[in-house]
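Protein chains in written order, with this note's numbering: chain A, 1 to 233; chain B, 1001 to 1131.
Please note that a few of the clues may not be correct.
What follows is a list of derived Cβ distance ranges for each label pair [unchecked claim]: (1) A:Glu128 / B:Thr1105: 54 to 60 Å; (2) B:Thr1105 / A:Arg84: 42 to 48 Å; (3) A:Leu31 / B:Lys1096: 36 to 42 Å; (4) B:Ala1070 / A:Leu222: 53 to 59 Å; (5) A:Arg85 / B:Thr1119: 44 to 50 Å; (6) A:Ala126 / B:Thr1021: 31 to 37 Å; (7) B:Ala1099 / A:Glu44: 46 to 52 Å; (8) B:Tyr1094 / A:Asp28: 22 to 28 Å.
Some residues of chain B that are not near chain A, with every Cβ distance over 12 Å (derived) [to be verified]: (9) Gly1017; (10) Phe1034; (11) Val1044; (12) Ala1055; (13) Ser1064; (14) Ser1074; (15) Leu1117.
None of these hints come from the bench; they were simulated from the model. The beta carbon of each residue, even a glycine, is placed where N, CA and C say it ideally should be.
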Amino acid sequence: MQIELRILRFDPERDARPHWESYDVEADPKLDRVLDLLHRVKYELDGSLTFRRSCGHGICGSDALLINGRNRLACKERIEKLGRRISIAPLPGLPVVKDLVVDMEGFFSSYRSVMPFLVNEGPVPAGERRQSAADRARYDDTTKCILCAACTTSCPSFWANEGYVGPAAIVNAHRFIFDTRDEAAEERLEILAGDDGVWRCRTIFNCTDACPRGIHITQAILEVSSAIVERRT
Amino acid sequence: MSVPYTRSGRARPRGGGLELTIWYLMRLTGIALFVFALTHYLIVHVIYDPAEQDASWIAQVRWSSTFWRAFDWSLLMLVLFHAFMGVRTVVVDYVKGRARLLVLTGLYLVAFVLFVLGTAVVLTLPVVPKG
């Protein structure tokens, strides 16, 4: 099947602004995914095309892109679902470095700001820190995040306010706030109770729709909001 | 002045108490509106015939009881708060700097005027006995 691939290109050394370029590529709709077509363009048509990808199997989170107007992982998105004309642009809301590569520093600094690591000042146990299956299940959903930024860059609140920590950071805070082995839930809730924290969420659900891992992101955000309310009342 | 830092090394965010309160009240008023607005709708559109409702009908039938006056005033307060805080949310999202202060001040002024007008009407509309 012949596919017309439209890619938003931008070379900071030559272009004043991004522009669309079209490529006709052959694709097997049953087998190929968007990443395969990007490879075909880069290897056979235009070696200057720049994009990120690492594992190619939906785990590393490198190749989240705006595909036909939705944030998706290029390596997971099957051609069969997309039709004969496919448009590919960099993730919205982050500065473009080149072609499909965006500057993720703001995204990762928001992620770091919620302390996405286990805090436990108690004595280090000889083996694992054990917890019950029910306690583990409490935050299971938010352990699945691969930090691809599809959620945060699909969020209109984030587009409007780059200070907003964004859904991905809240998901990763949730993962530790509701972990019984962690002791810094208070600190994280205080961070997320700030003006740029959870209150910026307008329950638009773009994040939940964008997540390639199927995390119930909006629900996680509201669980954190509720935890902050309960803590203050 | 020392800036409190989190363990992640970022300056601890300030504020949040007001945002929390408004967020929580938006939810509570939303739930309350579900009850109040639906009750209001039932009364003026289903139980009574809308064709017979004029100022004297309100004075004689609806607002002859203090309960319904209080009910309607509560409904008005809920709508005012929920609507204006909703608009505030949009303003805070999209308007920045001095313009935000200006727009918010105007917004609160309009809300205050509506609050005064509504409360004055509820308090001062004379009760007209039936017949």
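Q) Which of the numbered hints above does this structure break? A) Checked against the structure, the hints that fail are numbers 2, 3, 4, 5, 6, 8 and 9, while the rest are satisfied.
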